[in-house]
Amino acid sequence: AQSVSQHNHHVILSEAASLELGCNYSYGGTVNLFWYVQYPGQHLQLLLKYFSGDPLVKGIKGFEAEFIKSKFSFNLRKPSVQWSDTAEYFCALGGKLIFGQGTELSVKP
Amino acid sequence: DVKVTQSSRYLVKRTGEKVFLECVQDMDHENMFWYRQDPGLGLRLIYFSYDVKMKEKGDIPEGYSVSREKKERFSLILESASTNQTSMYLCASSLAGAVGLTEAFFGQGTRLTVV
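For the protein sequence lines, the chains are A and B, in the order given. Take 1 as the starting number for the first sequence in this note's numbering and just add one per residue. Take 1 as the starting number for the second sequence in this note's numbering and just add one per residue.
Treat the hints as calculated values from the structure; they're not laboratory data.
Pairs of lysine-lysine, BS3-like flavour, derived with a Cα cap of 30 Å:
| hint | chain 1 | residue 1 | chain 2 | residue 2 |
| --- | --- | --- | --- | --- |
| 1 | A | K96 | B | K71 |
| 2 | A | K96 | B | K3 |
| 3 | B | K55 | A | K96 |
| 4 | B | K18 | A | K96 |
| 5 | A | K58 | B | K3 |
| 6 | B | K71 | B | K3 |
| 7 | B | K71 | A | K49 |
| 8 | A | K71 | A | K49 |
| 9 | B | K57 | A | K69 |
| 10 | A | K49 | B | K55 |
| 11 | B | K70 | B | K53 |
| 12 | A | K49 | B | K57 |
| 13 | A | K96 | B | K70 |
| 14 | B | K13 | B | K3 |
| 15 | A | K61 | B | K3 |
| 16 | B | K70 | B | K13 |
| 17 | A | K96 | B | K53 |
| 18 | A | K96 | B | K57 |
| 19 | B | K3 | A | K49 |
Based on the sequences and whatever the hints tell you, model everything.
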């Protein structure tokens, strides 16, 4: 069965700090992975996606994620966060499009 | 721009009522999804549809049914609403291909309260 796990439920950072949000998945076949973001009061939108090829994928707003097959992981990173990055972040696994529990990121100005 | 529109932002219903949540997309997408979003649980898939009149159960279909009579419209039905169905409901759509392979676009959500 497919599943996605995000271990960090709430992360609090100061502006300019580096960010890494964990995502692990469980699936035996070819994987397609996504990160979505939900800003306060807004709908979910795609941050980045991995289908195949280069395991380091770049998304919007300076975000990137690395697919590590041996670790079943797809962690999201950003070198320097801004207050406007405050949002909830969701990792998702393609197929049935299964989502993780979400990580709430709060960035202090 | 893809637009996924959910008919209500907020809804309050009584226990035992039959509730209809409507979702319409304007991009001729084949795939449509219904999720519920609860704090600490993320998004959980209730049902998805890959074509008109076609549907598949997600992870939590109990107490729900769906209807897709037209390509652009996907309805979620709570046969007999209960308080544990109080939640935020999200609709999404995506292009054809293996489900989940292409980007999904989401509506604004319907916050349903069952009293």
